[in-house]
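As given, the protein sequences belong to chains F and W, one line each in that order.
Each residue of the first sequence is one higher than the one before, starting from 1 at the first, in this note's numbering.
Each residue of the second sequence is one higher than the one before, starting from 1 at the first, in this note's numbering.
Just so you know, not all the hints are guaranteed correct.
You can't tell identical chains apart in this list, so a pair holds if it fits in one copy or across any two.
[As the list claims (entries may be wrong)] As a list, the in silico DSS-like pairs of lysine-lysine whose alpha-carbon atoms are at most 30 Å apart: (1) K106 with K87; (2) K324 with K42; (3) K122 with K106; (4) K42 with K122.
By construction, these hints were calculated from the structure, which means they are not laboratory data.
Number of protein chains: 2
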Amino acid sequence: MTGFGFEVLGTDGRARRGRLTTAHGTIETPVFMPVGTAATVKGMTSEGVARTGAEIVLANTYHLMLRPGAETVGRLGGLHDFMDWQKPILTDSGGFQVMSLTDLRKLDDSGVEFRSHIDGAKFMLTPERSIEIQNLLDSTITMVLDECTANGVDEAAAAASMALSMRWAARCRGAFEERAGYGLFGIVQGSVYPDLRLESAAALSDIGFDGYAVGGLAVGEGQKAMFSVLDVTTPALPASHPRYLMGVGMPDDIVGAVQRGIDMFDCVLPTRSGRTGQAFTRRGTINIRNARHTEDPRPIDSESDYPVVGGVSRAYLHHLFKAKEMLGPILLTMHNLHYYQDLMRNIRSAIENGTLDAFASAFRAEQAQGDIERL
Amino acid sequence: MTGFGFEVLGTDGRARRGRLTTAHGTIETPVFMPVGTAATVKGMTSEGVARTGAEIVLANTYHLMLRPGAETVGRLGGLHDFMDWQKPILTDSGGFQVMSLTDLRKLDDSGVEFRSHIDGAKFMLTPERSIEIQNLLDSTITMVLDECTANGVDEAAAAASMALSMRWAARCRGAFEERAGYGLFGIVQGSVYPDLRLESAAALSDIGFDGYAVGGLAVGEGQKAMFSVLDVTTPALPASHPRYLMGVGMPDDIVGAVQRGIDMFDCVLPTRSGRTGQAFTRRGTINIRNARHTEDPRPIDSESDYPVVGGVSRAYLHHLFKAKEMLGPILLTMHNLHYYQDLMRNIRSAIENGTLDAFASAFRAEQAQGDIERL
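Please put together the full structure from these sequences, using the hints given.
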């Protein structure tokens, strides 16, 4: 079993080209992690996910603790066997969903009590229980339990919440069972307040983690505010460790965050959008339900010849969505995941070539042009 | 382009091991054709369907003429390009769905007028239009338009309906455009009445088709009545041509029909059952939603190591169905299609070895044993 480690292979401005080594394989960074909420990337087989180029997926502790239950997954040998995905898996702490999906929460220093959104059953999530669950899931990368503040929170409340998250981070560190090739990441909080972000980054560095996430963003603050937080935060994090921007995002959010020193991303956008008919292309997004695609024989993106989905026309995808056929969401999810992995490959190669700024400009210009109309 | 042809490679009792040669490739018979109603085998990519071993799929003229429309598919190059399936495609005539799904039908000698179940739009389906639509779809095997009688129809009504179907069959023959490697199949009708079946078989043989289907079965008459009709009908059909039993069926229906000289089958069972949680195994069917599978680490069928779905446990599939995840229906459909193709491979090899009766007995005995309980 190999150790858990991160190597910065090269830099371009503040962007880093890195490699993460784990018990379940290596990950080239910057990396995008598809979201596999309930131990499945919706609509995709594990083999299909791997085929898009994904090297790691994210699964949600909250959903899995409720169904089928962490102990059940544990008895079945952990998430890797359960979902037949032998590459790395990152799990979140469960905190974010507890705070966004459940009612009847009672949060104090000990943890958070909540009722399941499925059947109303009462659960308690503490820092120690979150770590235990992620251990049962056999998560390659475990996240600390934190409180994610809402957009618009005032500075005093953000400070109190951040302080709570830092106390929980220390308890998570203490509860985490060290195993070769497994890692624990801390999460920087502090909303949009630079001083709080710096204080949080310092507190986490003092505790010491295998990686550092930036949380509490992509909650409605807008790209400009998000980038400002990154401008302050990433320089305050240890350069020797991976940095993960949680829940982000749109392709141009990712490009800008890489330029600001972020190495890891996750987001439901490629999968969720795929299910509703939205496809990502080099020329921006298209809605395949739009009538203009009815007889369009072109593939979604003529420059991207992805396996399987590259073989069908916009007209066929349009038909599948109109007829409410499962294959529509399946193929569009597949396309979008390929698109995101393609984007990350292009980003990595731009960093290697020292041309990330030029890549970013060309990328934004092409996105702004909009879809190529059929001749 | 090769010609359309059928070769009987060997026989075992009345069962035949054959090979169908078409413009889109060869098909080993006895063959099972997955149903791709609206130009998609529900939940499966074309690549996934091919991987189960399927050599031909069936698509429904009725659904495609309404959406996206036969002319649209025609302009897009036909069904093969549309659904990215370059192997053979058989299309039905549209008649069966018109008669089972629509209201406000007006049927006379000219054809049948009906309203779309989607938007109420009025359509007319005649023998000539059915052939024209299937030509636009670029169907490898075209079926004649016929009237499928309901179970329990009296002999006089069955005779009148069969006579109409025979007149339509002759008009279809006249309207069919001969193309190398493309074929037209007639359909025997006559309900459960032996004399009518014989009259129908003779009428079709006189017209002359590339293959002969047995229609009007699997409509509730029961296996015994169905087999009786086959016992009368298949000996009356030209031995040199393929015989297709429409809409059948359960695995043991297929085995018994092969023993009675049938070469081709289609049925929604493996796909429809897969979507509702039912899996076919050597030991009969199981319902994966059943609580006994909650922590069962075994695959669906430990003797069948199918790609992708063979890598996951019953517990995982149970979880996916409980959580209403798309991947549940996807994986179970995949499993069931593999099961059906496996069954056909075993049937073909039993015929080759002259051991079909022994295979059929062992097959029925194993099915009757029921699922192997977890130790």
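Hints, one by one, checked against the model:
For the identical chains of this complex, K106 and K87 are neighbours neither inside a copy (36 Å) nor across copies (60 Å), given an alpha-carbon limit of 30 Å. Proximity of K324 to K42 under the C-alpha cut-off of 30 Å is found in both arrangements, the shortest distances being 16 Å within a copy and 10 Å between copies. Proximity of K122 to K106 under the C-alpha cut-off of 30 Å is restricted to the intra-copy arrangement: shortest distance 11 Å within a copy versus 60 Å between copies. When the C-alpha separation of K42 and K122 is checked against a cutoff of 30 Å, the pair qualifies only within one copy, where the shortest distance is 27 Å, while the shortest distance between copies is 38 Å.
Of the numbered hints listed earlier, the single one contradicted by the structure is hint 1.
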